[in-house]
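Novice: Sequence:
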Amino acid sequence: QEYPFWVNQQSIYNDVWFLFVYTSTGSPVHFIARAVNSQLFVFPTWQTNSSTGYGTTGQIIENLDVSPFTIYSDTTLNLLVSATNIGDSAVHTSVSASLVIEEVDVLTITKVTPDSVETQGDSTFYSIPNSGETHFFQRSFTIDFQKPDSCSIINKVKVELQDNSGNILDTIHNDVNPLESTEITITSASSLRIQVTYDGSASSVSTGPPTVHTIRYSFRLSCTTDSDIDVVSEEFKSGEKSALWRMPDGLSRVGGRDVGLDDWCSKGTYEWMQSNSALWQKISINDISGEHALDLGHESHQYGTDISTYHFVNLLSDEQQGTKNYLQLVEKMTLALLLGDEDAIASVTNFITISRTEYTSLANMPEVQLLFTPTGKSTQLLKQGWIWELMTTGSLSAISDGVVLTVSVGGTWTAPSNVRHNNVHNNHLLIKLKRSMLNDSP
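Using our numbering, you'd call the opening residue of the sequence shown number 3 and step up by one each time.
The reader is advised that the hints may include incorrect statements.
[Unchecked claim] The calculated label-pair distances, taken between Cβ atoms and stated as ranges, are: (1) Ser-254 - Ser-380: 30 to 40 angstroms; (2) Ser-380 - Thr-115: 20 to 30 angstroms; (3) Gly-241 - Glu-182: 27 to 37 angstroms; (4) Lys-385 - Thr-362: 31 to 41 angstroms; (5) Ile-231 - Asp-76: 19 to 29 angstroms; (6) Thr-213 - Ser-380: 46 to 56 angstroms; (7) Gly-241 - Val-44: 43 to 53 angstroms; (8) Lys-239 - Lys-326: 46 to 56 angstroms.
No lab work stands behind these hints: they were computed from the structure.
C-beta atoms are modelled at their ideal positions from N, C-alpha and C, and glycine is treated no differently.
Please construct the entire structure, taking both the sequences and the accompanying hints into account.
Specialist: So, in structure tokens, the structure goes:
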């Protein structure tokens, strides 16, 4: 009632009022305070009907975003209004306000479920191809969501590969329409299966050398309402996954290659292999892990930290083949015992001497947890464990037609405590790295 007469005169009867919206914990959501005289010039300005409302309703509507206060739990909003008459109450000022919850269209991702693969591990390892390359085996996530009734379908899908800090390594799907993609399947009215590996398009991730170990996949969905309003979901991130990378270039390989490749290693393994380049001048690498740590027929190799290699000594003249090399050692040991063949004795002695030296050097590296080596399978002449006996005692005896035959290759050897031997590894070596000692971070 101060307006128009007293306000236009900017009288001393300058009533004041305020409006305050706050949460149950006291956090401010909205605040405004005015002296009525100022409202000739500042919002909300006086209208001819002595109110400050607009339009046919005579109301002022403020949209308040309370989402920052409801991220972790529900909250209660409190509304406090006050008006103070200055000088008298003959012409008073009043404030009327209310809080109304407005229904809005919301699209929510409720759950993200990864697929599983045949592995000795837990399916949480994802291979990241070199830039310009693709996968052979594809991985996917099932996305469950709740969409508003005003949206008929999901029309955009965005998927990012991120490091554990949220930095984007690559964009897998950039607002792709599921109806136009062979890599996204509509499994129900409230779920999608989304491929997150590289099939039609190639990787653009920088991999030489890899910079991260822990990765996540980020998902965001969009739909369009009947009123042609785009509704976008909040970002939903997968749980932590571990990346596997192609091993360093230029290292010697042995054996055949598995489908999907078999040289996938962790970031820490990659760096260890790079820092021990002299080792790979002595032995060739067979395999590390399959794509996404898929089972390659081993009882391990699920972390990208187990490296199968050739023997340190190649007894073959024109190739490297683990089983043939082992059988050649069997043949030379047999000739050495039965015939005392000097060339055979020299070859066996050389194999044992170099193996002792290299096993000791390799096993004593702080990152090496275990080293699996040949033991020697029994034959008509040779006893079970004959290679290991030669390695440790320096001699081997056998009986043929009642005659004791003995070959010596030089003194005894005390194996490091982390060197193992068995028949499985007669035709190759296995280096198991200590995961806690590798730089598998961030």
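Novice: Provide an ascending list of the numbers of those earlier hints which the structure does not satisfy.
Specialist: The structure breaks hints 2 and 4; every other hint is satisfied.
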